[in-house]
Amino acid sequence: MKYLDEYRDPALAKQLIAQIRKLNKGRKIRLMEVCGSHTVAIYKAGIRDLFPNIDLISGPGCPVCVTSTGDIDRVIKLTTMPDSILTTFGDMVKVPGSNSSLQQQISRGADVRLVYSSFDSLQIAKDNPNKRIIFLAVGFETTAPTIAATVLEAKKEGIENFYILCFHKLVPPAMKALLEGEQIHIDGFICPGHVSVIIGSKPYEFIPKEYKLPAVITGFESIDILQALLVILTRINENHPAVEIPYSRVVKPEGNPLAMKRMQEVFQPCEATWRGLGVIPDSGLKLRIKFMHYDAHQNYDLSVEEKPEPAGCECGNILKGIKRPTDCPLFKKICNPQHPVGPCMVSTEGSCAAAYKYS
Amino acid sequence: MCIAVPCQVISIKENMATVEIGGVKREARIDLLEDVSIGDYVILHAGFAIQRLDADDAQETLRLLKEMTE
Ligand code: SF4
Numbered sequence: 169m170k171y172l173d174e175y176r177d178p179a180l181a182k183q184l185i186a187q188i189r190k191l192n193k194g195r196k197i198r199l200m201e202v203c204g205s206h207t208v209a210i211y212k213a214g215i216r217d218l219f220p221n222i223d224l225i226s227g228p229g230c231p232v233c234v235t236s237t238g239d240i241d242r243v244i245k246l247t248t249m250p251d252s253i254l255t256t257f258g259d260m261v262k263v264p265g266s267n268s269s270l271q272q273q274i275s276r277g278a279d280v281r282l283v284y285s286s287f288d289s290l291q292i293a294k295d296n297p298n299k300r301i302i303f304l305a306v307g308f309e310t311t312a313p314t315i316a317a318t319v320l321e322a323k324k325e326g327i328e329n330f331y332i333l334c335f336h337k338l339v340p341p342a343m344k345a346l347l348e349g350e351q352i353h354i355d356g357f358i359c360p361g362h363v364s365v366i367i368g369s370k371p372y373e374f375i376p377k378e379y380k381l382p383a384v385i386t387g388f389e390s391i392d393i394l395q396a397l398l399v400i401l402t403r404i405n406e407n408h409p410a411v412e413i414p415y416s417r418v419v420k421p422e423g424n425p426l427a428m429k430r431m432q433e434v435f436q437p438c439e440a441t442w443r444g445l446g447v448i449p450d451s452g453l454k455l456r457i458k459f460m461h462y463d464a465h466q467n468y469d470l471s472v473e474e475k476p477e478p479a480g481c482e483c484g485n486i487l488k489g490i491k492r493p494t495d496c497p498l499f500k501k502i503c504n505p506q507h508p509v510g511p512c513m514v515s516t517e518g519s520c521a522a523a524y525k526y527s
Numbered sequence: 002m003c004i005a006v007p008c009q010v011i012s013i014k015e016n017m018a019t020v021e022i023g024g025v026k027r028e029a030r031i032d033l034l035e036d037v038s039i040g041d042y043v044i045l046h047a048g049f050a051i052q053r054l055d056a057d058d059a060q061e062t063l064r065l066l067k068e069m070t071e
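One line per chain: the protein sequences are A and B, in this order. For the first sequence, counting from 1, position 323 maps to 491 in the numbering used here; every step adds exactly one. For the second sequence, counting from 1, position 69 maps to 70 in the numbering used here; every step adds exactly one.
Hint data in this document are derived by calculation from the structure and do not stem from the laboratory. Treat the hints with care, since some could be wrong.
Quick partial rundown of chain A residues pointing at chain B, CB under 10 Å, derived from the structure [to be verified]:
hint	residue
1	Gln187
2	Arg189
3	Pro220
4	Asp223
5	Leu224
6	Tyr524
7	Tyr526
Calculated lysine-lysine pairs in the BS3-like style (CA-CA distance at most 27 Å, straight line) [as the list claims (entries may be wrong)]:
hint	chain 1	residue 1	chain 2	residue 2
8	A	Lys429	A	Lys262
9	A	Lys344	A	Lys370
10	B	Lys26	A	Lys294
11	A	Lys324	A	Lys344
12	A	Lys429	B	Lys14
13	B	Lys67	A	Lys324
14	A	Lys212	B	Lys67
For clarity, every value in this text was computed on a predicted model and none was experimentally measured. In this text, a Cβ means the ideal position worked out from N, Cα and C, and glycines have one as well.
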């Protein structure tokens, strides 16, 4: 397929691997990817095993995984309301809250519907005028503009029975929190490719400026990942940290200005709780007052008793890059994709699910 | 969850396009992209086209890579 096959060329990959080994000079370095799709791509291509000196760790890059237990409990609470339909992306159904998951709620008779796009929820709202449709919105900057466009359309069409339960999060503030936390040493970042499609390269500038680290925005094929490693190593060797975009066929330095405009029109930044990372200021999104009518937080009682994360689950430390899935005593023993204990095993882009499948 | 794939636009009607990937047709909203034309390759995410692919840049990246590994 065009724009895919060229980036899977084995001969080119082989040359890149040799070049990376040469540039690495046997030094131990640790790079973090902050995108679930990169985590999967790296496992799938077997890149972790190619370079014993390059430690590739996963950060808080999976929106499903970083959703806190408390927020899952809030969602579960909403499913018990009469005359309501909860819609969301398929990744969310198996995520365990402290007592139940959406899947369990469905088996108890809750009306939960999986959609491919937030726009599908609008159609459900039109088809069910006597019910309240609540769309559970999780995701990063990649997805937020699509939710914003849906809210704007709901307003335009005067759809009144549609609500957004927004747990959206922003990636650069989480990267900053990780660097400030100093719990882990990182030599460079592989920045999320499709978040960057929207936000461009500017929001990562603080990484070379304040922390003197290279940050590279790349795609999801094996050649893309290898190219990112090559660029980072070159930057480290030259002692010249910068933000670079080898994924320039898709990511522009300015991002997608129209998508950003829509996102900012509908949402404003707010404090958010990340699993593992805790509360990070300005790292979430909430609907602006103008769109309060669509905000589930404003219209429903979402208070829940905050419960601890599941006992023994290391998701929190895995999302911080401090531990790996194989460090978790429950990994493959009690916890597996059929019976996940934590969200990192639920989402196909979670570190534990990727490690389970590919290693 | 941020998975997004390159598809080609084959028809457009108002804010909706039909796109094709590997022979499979899908519907895509184009609210978030300016001036989408038939024949463009776009990145599709959660039912929306979120960016256009740049053919020149794609060529250039591959050329540079080949140069770097020579
Ligand atoms: S293996 Fe399961 S229990 Fe362990 S960290 Fe991963 S999701 Fe949590």
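Quick rundown of the hints versus the structure:
Hint status for Gln187 of chain A relative to chain B: holds, with the closest Cβ pair at about 5 Å, below 10 Å. The criterion of a C-beta within 10 Å of any C-beta in chain B is not met by Arg189 of chain A, whose closest approach is roughly 12 Å, and the hint is violated. Look at Pro220 of chain A: its Cβ only gets to about 21 Å from chain B, farther than 10 Å, so that hint breaks. Among the interface hints, the one on Asp223 of chain A is violated; its C-beta lies about 23 Å from the nearest C-beta in chain B, farther than the 10 Å criterion.
At its closest, the beta carbon of Leu224 of chain A sits 18 Å from a beta carbon of chain B; the interface hint therefore is violated under the 10 Å criterion. Restraint check, Tyr524 of chain A versus chain B: the minimum CB separation of about 18 Å is more than 10 Å; hint violated. For the restraint placing Tyr526 of chain A at the interface with chain B, the shortest Cβ-Cβ distance is roughly 16 Å, beyond the 10 Å limit, so the hint is violated. A hinted pair counts as satisfied when its Cα atoms are at most 27 Å apart, and Lys429 of chain A with Lys262 of chain A does not qualify at roughly 33 Å.
A hinted pair counts as satisfied when its Cα atoms are at most 27 Å apart, and Lys344 of chain A with Lys370 of chain A qualifies at roughly 14 Å. A distance of roughly 25 Å separates the Cα atoms of Lys26 of chain B and Lys294 of chain A; the hinted pair therefore holds under the 27 Å criterion. Between Lys324 of chain A and Lys344 of chain A, the direct Cα distance comes to roughly 37 Å. Violation of the 27 Å bound is thereby established for this hinted pair. Of the pairs offered as hints, the one joining Lys429 of chain A and Lys14 of chain B holds, with about 23 Å between alpha carbons and a cut-off of 27 Å not exceeded.
Distance restraint check for Lys67 of chain B and Lys324 of chain A: the Cα-Cα separation of roughly 50 Å exceeds the 27 Å cut-off, and the hinted pair is therefore not satisfied. Restraint check: the Cα-Cα separation between Lys212 of chain A and Lys67 of chain B comes to about 23 Å, which is no more than 27 Å; the hinted pair holds.
In this structure, the earlier hints numbered 2, 3, 4, 5, 6, 7, 8, 11, 13 are contradicted, and the remaining ones agree with it.
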